[in-house]
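Given chain Y, work out where chain C should sit, using these hints.
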Amino acid sequence: MMFGKEFQRKYALTDQGVRNTKTATVWTVIVNLVVMGGMGILYLMMMRYMDTLTAGAPLPGSALFILMALVFIALSFFTHMQQYRATYGLVYAEVESVRIGLAERLRKLPLGYFAKRDLADLTETILGDVNRLEHVWSHCLGYLYGAFISTAIIAASLFCMDWRMAISCLWGVPAAFALLFGSRKNARHYAIIEKDAGIQVSDGIQKTLENIREIRAANQQERFLAELNGKIDRHEKTLLSGELACGIFVNAASVIMRLGWRPPSLREQA
Amino acid sequence: MKEKKQSDLSVLLDYAGSYKGLTFLGLGLSAVAMLLGMAPYICIWLVARDLIAVAPNWTAATEIGRYGWMAFAFAVTGIAVYFAALMCTHLAAFRTASNIRKAGMAHLMKAPLGFFDSNASGLLRNRLDGAASETETLLAHNLADIVGSATMFLAMIVLMFVFDWRMGAACLLAAVISVLSMFTMMGGKNAKLMQEYQAAQDVMSKAGTEYVRGIPVVKVFQQTVYSFKAFKEAIHDYSAKAEKFTVGVCKVPQSVNLTFTEGAFIFLVPVALFLAPGALAKGNFAEFVTDFAFYAAFSAIISTALARIMFAASGMMLASTALERIAQVMAAPTLSVTDHPKMPADNSVEFTDVSFLYDGVDVPAINHVSFKVEAGQTVALVGPSGGGKTTAASLIPRFWDASSGTVAVGGVDVRETDPKVLMDYIAFVFQNNRLFKTSILENVRAAKPDATREEVRAALSAAQCDDILEKLPDGMDTVIGTEGTCLSGGEQQRVMLARAILKDAPIVVLDEATAFADPENEVLIQKAFAALTKGRTVIMIAHRLSTVTGADRIIVLNDGHVEEEGTHENLLQAEGLYARMWEDYNRAAKWHITAAEEME
Chain Y
141 MMFGKEFQRK YALTDQGVRN TKTATVWTVI VNLVVMGGMG ILYLMMMRYM
191 DTLTAGAPLP GSALFILMAL VFIALSFFTH MQQYRATYGL VYAEVESVRI
241 GLAERLRKLP LGYFAKRDLA DLTETILGDV NRLEHVWSHC LGYLYGAFIS
291 TAIIAASLFC MDWRMAISCL WGVPAAFALL FGSRKNARHY AIIEKDAGIQ
341 VSDGIQKTLE NIREIRAANQ QERFLAELNG KIDRHEKTLL SGELACGIFV
391 NAASVIMRLG WRPPSLREQA
Chain C
2 MKEKKQSDLS VLLDYAGSYK GLTFLGLGLS AVAMLLGMAP YICIWLVARD
52 LIAVAPNWTA ATEIGRYGWM AFAFAVTGIA VYFAALMCTH LAAFRTASNI
102 RKAGMAHLMK APLGFFDSNA SGLLRNRLDG AASETETLLA HNLADIVGSA
152 TMFLAMIVLM FVFDWRMGAA CLLAAVISVL SMFTMMGGKN AKLMQEYQAA
202 QDVMSKAGTE YVRGIPVVKV FQQTVYSFKA FKEAIHDYSA KAEKFTVGVC
252 KVPQSVNLTF TEGAFIFLVP VALFLAPGAL AKGNFAEFVT DFAFYAAFSA
302 IISTALARIM FAASGMMLAS TALERIAQVM AAPTLSVTDH PKMPADNSVE
352 FTDVSFLYDG VDVPAINHVS FKVEAGQTVA LVGPSGGGKT TAASLIPRFW
402 DASSGTVAVG GVDVRETDPK VLMDYIAFVF QNNRLFKTSI LENVRAAKPD
452 ATREEVRAAL SAAQCDDILE KLPDGMDTVI GTEGTCLSGG EQQRVMLARA
502 ILKDAPIVVL DEATAFADPE NEVLIQKAFA ALTKGRTVIM IAHRLSTVTG
552 ADRIIVLNDG HVEEEGTHEN LLQAEGLYAR MWEDYNRAAK WHITAAEEME
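Protein chains in written order, with my numbering: chain Y, 141 to 410; chain C, 2 to 601.
Next up, chain Y with everything else stripped away, as it sits in the complex (with noise of 0.2 Å):
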């Protein structure tokens, strides 16, 4: 099932976490069918003008189109106000729970886990994860599953317009998401390095900044801002590698998805 409990694991989610997560993702759907549905009076309204054009049929009457418009206005308007309060209105009270719930949580802890670890760098991973998780919750995971379920939605229903059509339009997103999920495994490696090289700059910085007493009454300034230079510049490069090694995949994919509707035009020729 899509919102099983690997799911809800997946993205740590509460049971109204999951609750919202399927709401964002219906609200989705609808939206993106509505859009679809205001890409339908263009479409019926080129019909009527190529019978007009080739077959001398009269002019289509203007009330219809017109209503057509404006109820898709009204929809499409109600909906993506719905979707937002699904998305955005609905996370904050949801990330509000888990921040506190992770707060009372850390108060449990034995005290030697306290004594292990640096205070303040612990509670920056955690704050800037729940920062990460609310993102995640708002922005991505009812679009993203919500974009799944109507991209096949629509695509049954251009199949029933007409296969071969269908296929031509379609045949990039199966190519364009295998080449993503493909080279997930390159970017994921790529993103350890990051973020290795990340930390480490994150740690020599507040190395140094913790020991700034010390490196001052020694006179080393020089000597630590040119390891931490370093660093940082080692951070820079594996930046710069893996853009340049995920970033050729995600373009490649956009222009297989792009390009995706071009046969058609060439096929009609024919």
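If you're looking for bench data, these hints aren't it; they were derived computationally from the structure. All residues carry an ideal CB built from backbone N, CA and C; glycine is no exception.
Covered stretches of chain C, going by a simulated chain Y footprint (3 or more residues, C-beta under 8 Å):
| # | region |
| --- | --- |
| 1 | 53-63 |
| 2 | 83-91 |
| 3 | 103-111 |
| 4 | 205-218 |
| 5 | 253-262 |
| 6 | 291-297 |
What follows is chain C alone, placed relative to chain Y:
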């Protein structure tokens, strides 16, 4: 608003240094990429024109294959150029972030050491390191997208006149509504709400640090958790403010924005309906249908461009707050460095009418204090806590500079000596000194990088560290903090004293509270103190009166001023504050002894 953004940008671009040009190259390429990306739509228009012209006799359109391949070529080139553009901007963005980190740290290196007492290292690190990363998205992606989208809008206006200006204007109208609704989120009253939301985030982050720091203390003393309440309130406040901003401020404009972004074609419908009869009557209906088809397809690219602007807007906001945090770091005060440094003439220390106020406090911590410590003398600073002992001592190595009056070392105002020379003259051992996470050898040698192993060994020995070295697996080369090599508080103190001894500075400023750390170390620490202070000028912050009786002079600081001054005997005879403190101290010591006897 707009002006501020531009200055933000120029600040960022200045950090890019020699990579500034690369950013501009990237932006230029991004504009080219956008134009290339639009070209396929023109090819579609050509295809549609040819097809419609021959409709329904499709096979008569012979050129459309060529157009198709042209579109393909344009699209591929466009994406390739966009990729190149992003590579340029990424290079520049990474360099900028690196430069920000380097500049920030170089700046902090010059801040007065007292600054770090009130600004936790974790917070500073987070500000600098985190904010530097946050500028990356703006420089790497958002700027290129803004330029690309702006190019697109300009090109659209041109295309409007080439194809059909009325349908073009219809598409543009949707885009304008979309952009305007986005701007309402950032302007006026909403900007204030956004600031409140960000301030709440800062407060939450600080409360979190306080809370986690407080947990061990709370656990030891079994207190009810006060800081938990503060943290909880901060969390709640943040959630409330965030929700207020996102739902209260952004929900409607954002929905309007998305409605018109995704429905960029919407005004095309009435405009086409309005134009169709005229076109039919005039006989250029085929042309009209071609234009309609073009704009219908083109509206999709508008959606993409608008979505990019939206991301860019949030990137702008993120970068703007990031720059604010960077600016806070860069606003840290720096120690003034004189252009014409003077060398101290001897090893004396003199306070002349010195006052000092901490930032944001009305009552001076030190109020018109004057005293002189002759070279080689040992002077003890005593007095109730909060009396100004530590503040006075920390003015000597320039942890702070006096608000008024002068602190002189060797007859020269400390502000007129080279800070490095001053540091060579003074060794200080304060409560918040720390050990590096390296070997003991390196830790001690930090005080004098060119010292030999033997010198370090001798210093450690003088600081009574022999027992520590014996029990460690690799002796002096043991790395502190690794598995099983944690030193107790008292042991760490002795290593720090060894460091001060090795430094061999003529003036020693030390906080005697360190000796409290660890009773079993006390005798050893006292011996180490003796080794450190021998033959030097010593200013000692004393917390226990037993250690000051032998001092050449005792200065009693109370409420920031010198209450009394003299030798132990003189002060007892004067029967003032010191005499009372001495009496209290002896009574307390007696209690300790009685209590200890009873225990046995």
